[in-house]
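Under numbering that gives the first Met the number 0, the letters of the sequence shown match residues 0 to 154, in that order.
No lab work stands behind these hints, which were simulated from the structure alone. There could be a bad hint or two in this list.
[What the hints assert, rightly or not] In silico lysine-lysine, BS3-like type, Cα no more than 30 Å apart, as pairs:
(1) 32 with 12
(2) 90 with 42
(3) 118 with 21
(4) 114 with 32
(5) 90 with 124
(6) 46 with 90
(7) 32 with 147
(8) 42 with 66
(9) 90 with 147
(10) 124 with 10
(11) 17 with 118
(12) 55 with 117
(13) 10 with 114
(14) 10 with 117
(15) 21 with 59
(16) 42 with 17
(17) 17 with 147
(18) 114 with 36
(19) 59 with 78
(20) 90 with 78
(21) 32 with 78
(22) 147 with 117
(23) 118 with 12
(24) 25 with 59
(25) 42 with 21
(26) 36 with 118
(27) 32 with 75
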Amino acid sequence: MLRITIISVGKLKEDYWKEAEKEYLKRLSYFTKLEIKELKEEKFDDKTNVEMIKEKEAEKIIGAISKDSYVIVLDKEGKQFSSENMTEEIKTMEQSNNVTIIIGGPLGLHDSILKIAKKSWSFSKMTFPHQMIRVFLLEQLYRGFMIKENRSYHY
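Please work from the sequences and hints to get the whole structure.
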């Protein structure tokens, strides 16, 4: 069974995001073994060196990636594709069997993380809170599996 680890900088704070995540994790359990690793985001303000913060978060991310993992990042400059094309992405992931998908914090991902990624995905050119993107990712993975298995969910 495909193993997916989602590394997320920052945690879900609102109950409605937690409930949505719980529901999609339950639905996805039929298709994949999915684990979410939450990493503490670094504190920052207007005077903070952004690259320094991203570098500190990158160190935590690298420490959380298993060595044999196929790494995918979510990044605003990543490839955009349709929900139907998610099935092709899932087929690629299944060949690896062990996949890590990384969601950065509010400042994005350090270049060192972008460089180790095999793929970079984007859900939109717009910016979304990382809590929302985490739920979007779970929903799109679920939708992709349902399309792949020819099950009714996507119309």
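Within a Cα-Cα threshold of 30 Å, do residue 32 and residue 147 meet the stated pairing? 17 Å, holds
Can the restraint linking residue 147 and residue 117 be considered satisfied, given a maximum Cα separation of 30 Å?
22 Å, holds
*Please work out if residue 114 and residue 32 have their alpha carbons no farther apart than 30 Å.*
26 Å, holds
- Query: Is residue 32 close enough to residue 78, meaning Cα to Cα at most 30 Å?
  - Reply: 25 Å, holds
- Task: Compare the distance between the alpha carbons of residue 118 and residue 12 with 30 Å, and conclude whether the hinted pair is satisfied.
- Result: At roughly 28 Å apart (the allowed maximum being 30 Å), residue 12 and residue 118 satisfy the hint.
Check the hint pairing residue 17 with residue 147 against an upper bound of 30 Å on the C-alpha distance.
26 Å, holds
| task | Measure nothing beyond the straight line between the CA atoms of residue 114 and residue 36; if it is 30 Å or shorter, mark the hint as holding. | result | 21 Å, holds
Against the 30 Å threshold, does the CA-CA distance of residue 90 and residue 124 hold or violate the hint?
Measuring from Cα to Cα gives roughly 25 Å; hence the hint holds.
Practice task
Measure nothing beyond the straight line between the CA atoms of residue 90 and residue 42; if it is 30 Å or shorter, mark the hint as holding.
Solution key: 38 Å, violated
Below or equal to 30 Å on CA atoms is what counts here, so check residue 36 against residue 118.
Satisfied, since the Cα-Cα distance of roughly 19 Å is no more than 30 Å.
Are residue 10 and residue 114 close enough, with their CA atoms no more than 30 Å apart? With a Cα-Cα distance of about 24 Å, the restraint between residue 10 and residue 114 holds, given a limit of 30 Å.
Checklist line | Proposed proximity, residue 21 with residue 42 (alpha carbon, max 30 Å) | finding: Holds, at about 27 Å.
Consistency note: the structure conflicts with the earlier hints numbered 2 and 6.
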